[in-house]
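These protein sequence lines are chains A and B, in that order. Residue 62 in the numbering used here sits at position 37 of the first sequence, with consecutive numbering throughout. Residue 377 in the numbering used here sits at position 352 of the second sequence, with consecutive numbering throughout.
No wet-lab data here; the hints were simulated from the structure. Any given hint might turn out to be false.
The list treats identical chains as one, so a pair stands whether inside a single copy or across any two.
Result set (SDA-like, lysine to any residue): computed pairs, CA atoms no more than 25 Å apart in a straight line [said to hold, decoys possible]:
no. : residue 1 : residue 2
1   : K406      : S286
2   : K368      : G434
3   : K278      : A37
4   : K406      : F83
5   : K368      : L134
6   : K278      : A239
7   : K278      : P335
8   : K278      : H338
9   : K278      : R336
10  : K405      : F386
These numbers were taken from a predicted model, which means no experiment stands behind them.
Protein chains: 2
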Amino acid sequence: MKLALAIFLLLAIIIFASKWAGALASRYHQPAVFGEILIGVLLGPTLINLLGWPIFQFHGSNEVVTEFVVLLAEVGVLLLMFVAGLETDFNSLLKVGRPAFWGAIGGVLGPFLLGFGIFLLFAGFLGGERHLWFTAIFVGTILTATSVSISAQTLIELGKLRTRPGLTILGAAVIDDILGILILSLVVAFAPSDLVGEGKQILHDYVVAWIEAAGVSGPMVSILSVVTLVIMMVAFFVLGVILFRTVALRFVKWFGQLPVSEGLLAGALVVALLYGWAAEFLGSVAAITGSYMFGLLIANFSNLREEIEPRLHSITYSLFVPIFFVSIGLMTDLRTVFLPAGKSPTEYWAGIGFALLVVFFAIISKIGGVYIGAVTQGMKKLEAFQASVGMVSRGEVGLIIASIGLSSGVIDSEIFSVMVFMVLITTLVTPPLLRWAFSLTPPNEKNGGDGGSPSGEAPPTAVAGPLTGGGS
Amino acid sequence: MKLALAIFLLLAIIIFASKWAGALASRYHQPAVFGEILIGVLLGPTLINLLGWPIFQFHGSNEVVTEFVVLLAEVGVLLLMFVAGLETDFNSLLKVGRPAFWGAIGGVLGPFLLGFGIFLLFAGFLGGERHLWFTAIFVGTILTATSVSISAQTLIELGKLRTRPGLTILGAAVIDDILGILILSLVVAFAPSDLVGEGKQILHDYVVAWIEAAGVSGPMVSILSVVTLVIMMVAFFVLGVILFRTVALRFVKWFGQLPVSEGLLAGALVVALLYGWAAEFLGSVAAITGSYMFGLLIANFSNLREEIEPRLHSITYSLFVPIFFVSIGLMTDLRTVFLPAGKSPTEYWAGIGFALLVVFFAIISKIGGVYIGAVTQGMKKLEAFQASVGMVSRGEVGLIIASIGLSSGVIDSEIFSVMVFMVLITTLVTPPLLRWAFSLTPPNEKNGGDGGSPSGEAPPTAVAGPLTGGGS
Numbered sequence: 026m027k028l029a030l031a032i033f034l035l036l037a038i039i040i041f042a043s044k045w046a047g048a049l050a051s052r053y054h055q056p057a058v059f060g061e062i063l064i065g066v067l068l069g070p071t072l073i074n075l076l077g078w079p080i081f082q083f084h085g086s087n088e089v090v091t092e093f094v095v096l097l098a099e100v101g102v103l104l105l106m107f108v109a110g111l112e113t114d115f116n117s118l119l120k121v122g123r124p125a126f127w128g129a130i131g132g133v134l135g136p137f138l139l140g141f142g143i144f145l146l147f148a149g150f151l152g153g154e155r156h157l158w159f160t161a162i163f164v165g166t167i168l169t170a171t172s173v174s175i176s177a178q179t180l181i182e183l184g185k186l187r188t189r190p191g192l193t194i195l196g197a198a199v200i201d202d203i204l205g206i207l208i209l210s211l212v213v214a215f216a217p218s219d220l221v222g223e224g225k226q227i228l229h230d231y232v233v234a235w236i237e238a239a240g241v242s243g244p245m246v247s248i249l250s251v252v253t254l255v256i257m258m259v260a261f262f263v264l265g266v267i268l269f270r271t272v273a274l275r276f277v278k279w280f281g282q283l284p285v286s287e288g289l290l291a292g293a294l295v296v297a298l299l300y301g302w303a304a305e306f307l308g309s310v311a312a313i314t315g316s317y318m319f320g321l322l323i324a325n326f327s328n329l330r331e332e333i334e335p336r337l338h339s340i341t342y343s344l345f346v347p348i349f350f351v352s353i354g355l356m357t358d359l360r361t362v363f364l365p366a367g368k369s370p371t372e373y374w375a376g377i378g379f380a381l382l383v384v385f386f387a388i389i390s391k392i393g394g395v396y397i398g399a400v401t402q403g404m405k406k407l408e409a410f411q412a413s414v415g416m417v418s419r420g421e422v423g424l425i426i427a428s429i430g431l432s433s434g435v436i437d438s439e440i441f442s443v444m445v446f447m448v449l450i451t452t453l454v455t456p457p458l459l460r461w462a463f464s465l466t467p468p469n470e471k472n473g474g475d476g477g478s479p480s481g482e483a484p485p486t487a488v489a490g491p492l493t494g495g496g497s
Numbered sequence: 026m027k028l029a030l031a032i033f034l035l036l037a038i039i040i041f042a043s044k045w046a047g048a049l050a051s052r053y054h055q056p057a058v059f060g061e062i063l064i065g066v067l068l069g070p071t072l073i074n075l076l077g078w079p080i081f082q083f084h085g086s087n088e089v090v091t092e093f094v095v096l097l098a099e100v101g102v103l104l105l106m107f108v109a110g111l112e113t114d115f116n117s118l119l120k121v122g123r124p125a126f127w128g129a130i131g132g133v134l135g136p137f138l139l140g141f142g143i144f145l146l147f148a149g150f151l152g153g154e155r156h157l158w159f160t161a162i163f164v165g166t167i168l169t170a171t172s173v174s175i176s177a178q179t180l181i182e183l184g185k186l187r188t189r190p191g192l193t194i195l196g197a198a199v200i201d202d203i204l205g206i207l208i209l210s211l212v213v214a215f216a217p218s219d220l221v222g223e224g225k226q227i228l229h230d231y232v233v234a235w236i237e238a239a240g241v242s243g244p245m246v247s248i249l250s251v252v253t254l255v256i257m258m259v260a261f262f263v264l265g266v267i268l269f270r271t272v273a274l275r276f277v278k279w280f281g282q283l284p285v286s287e288g289l290l291a292g293a294l295v296v297a298l299l300y301g302w303a304a305e306f307l308g309s310v311a312a313i314t315g316s317y318m319f320g321l322l323i324a325n326f327s328n329l330r331e332e333i334e335p336r337l338h339s340i341t342y343s344l345f346v347p348i349f350f351v352s353i354g355l356m357t358d359l360r361t362v363f364l365p366a367g368k369s370p371t372e373y374w375a376g377i378g379f380a381l382l383v384v385f386f387a388i389i390s391k392i393g394g395v396y397i398g399a400v401t402q403g404m405k406k407l408e409a410f411q412a413s414v415g416m417v418s419r420g421e422v423g424l425i426i427a428s429i430g431l432s433s434g435v436i437d438s439e440i441f442s443v444m445v446f447m448v449l450i451t452t453l454v455t456p457p458l459l460r461w462a463f464s465l466t467p468p469n470e471k472n473g474g475d476g477g478s479p480s481g482e483a484p485p486t487a488v489a490g491p492l493t494g495g496g497s
């Protein structure tokens, strides 16, 4: 079969399998994302090993096809984070108030510290060589990011989205994503130079050479190169905002008025790609930070969101997101986690223990962190607990950070597989946990907490006025 | 730089350059497509040699990046032809009547025969080894396909789209595309087995082995394998229609009702990819024939077009079409046509003569063919001439057929470059020729031909009723 034909067939299989599994999961009252990630894992080396099929072999291996899928997924992730930025609303963030804000902070700190700790605890038994501290920080980072869509969907089913815990979850999850991406940026910026990709290596060498050329030597070189990196990071964020207001936004608007088909979307894509490229190549932060930031700026400081977002949403969710989930699955091999092949008994049991403890602490630490953050800001205990349970599920952002770690060599494929397993399980347990947590509300307080008034259940016909004013 | 970062930068450059050049061409009253193709050629080896830049070299060459762009362009072409199918309206075809139908037939036959003839005439002088007759047929095929968008835009500017020549151009161009794709399918099906890609080779071997296993030998094997191929082709078209009505349409509708994001578009993409794959792998016709056919069926035998087409249009025209035009440019080197390096004087002048004659006869043969076809069906001579001039410009479909020929080895890169040159020039000359042709209409017949009534110019304020009922 010709290469292009194999690609057509592969894309058809990927889109079909991903969407169908998502729908199947929904039918059994599970989050669609759970089905989409699981089918990706099943299509990968864990079970079906799709790319091992003879039709996807060219020149004796599946390298060509794999590289195409992975690159397409990377382009897709950039678009996905651009869409995520477009869908982030600063204004509703400002409204959620202190419990949500400090809940989010707690919900980031808790998983980060516990993830960091568990990895350090197990690292000695897991085998393989690593930059111990740095990988620990990265594992902690992967555990931070909440996926709000799963909780939001469950809350809608329960009719609880407009309650105080519901709104807290929505607000805190957004802050959570931003914090996760910021931590990722710090981690990427300070990665040991032998760990990260070619570009970074060049950047480091360049900075070091530049400092040495100025006559500096000894430990001062390291210190100055770290300072230079921090300056580059900060400069990227500051320049990113300034250039948005002075150049990028005008460029997109100008492009949108050109007499060509789809000029506006084309202009937005050009800038999103350039922000992504510049973020990593010039600003020393992750590429997705750049496209996310541009989406955020478009959504909150222009009136172009309504025109750009729907056009991009269609193709992102019908083509690129399925490719991303399947590419995650192609890099995951749960057998390396749960089968003893090629390991000493210590490594085997340490691996399983690590996987189970990561999942357990990913759940506990998120609930604990959010709960403490929210309760100390005066939220009722039960509501804080409900909000914290709604933050348990991890999703795309965690997977994206993990795949960046894998491709740059910070985490190996076994730890990557554990992280995918963690995302799967947290996604799976959130809806039932959330239903249970909301069932704890005493009957006379049901639907309460909206605006602070424990008003009891509104009669089913009287939902028009007060509920629509509920702030979201 | 990391590979993914290089891809982000490259895509940003491609989208920007393509759309900007299109707009620039429009400003100077040239077709946008002309600018988009020209910038692709300029970015290619002809001038800038974008992929020769150091940042796009990985493992010592630009092979990885080139392969990604070319594969993405092939996926894009599949989507582009799917959109083209979605935008093809059978009903308006039935309305255009015999002059448009026979004009289209003439406009296909003329260029096909002349292209075939010129190539045979020059083949001996051009150097290189070829399957003489087969390549001649392919060159003829590339010359057939009209690009209606350029003429349509010019006619709108002139206010002549609703005239009889205008409607004839619209109808004939659609028939033209379908005929071009059908000829391509025949050409691909009957390609000598050593000329076309791996898949076809396997298919041929498979068919031959199957026939030999039945105890047949000698020349009967060739005859039977040709018969088998014809049966497979016909079976593809018949089964394609039957499966659309029984399975494919129901599948897309079912997928559209699944509780997942963008299910309808995802389902349509799955089937479009599968029709493309099956067309070439099972049906032995070109992949684009399959996706075009599926688009045609959706548009004319379902009510899903309004939901699918706009969503696909955005990303196709903002991302995939620019990539396609630039990938065409990357494969084109006009220097091999117009510079004498490495050629004998005979080859050099034969090459230039061939290029110029191809362009000249591409124009003449289309005008002649359409004119004869239309006039013999009773169209007025001047109107037939105006319609024929509007059919001169070639566009995407010609380039797509040419790139299929290049990738399967039927035409070499020099002939490919001549074909791109031909598309550029015919695109460039059509708008001025068309303006001139319409200026020949005597003043008392201006805006005439609409429904046959030479009504004279309507007063500017009275455009509501009669014009909107004009059939398109």
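Could you work out which earlier hints the structure fails to respect and list their numbers in ascending sequence? Violated hints: 1, 4, 5, 6; rest satisfied.
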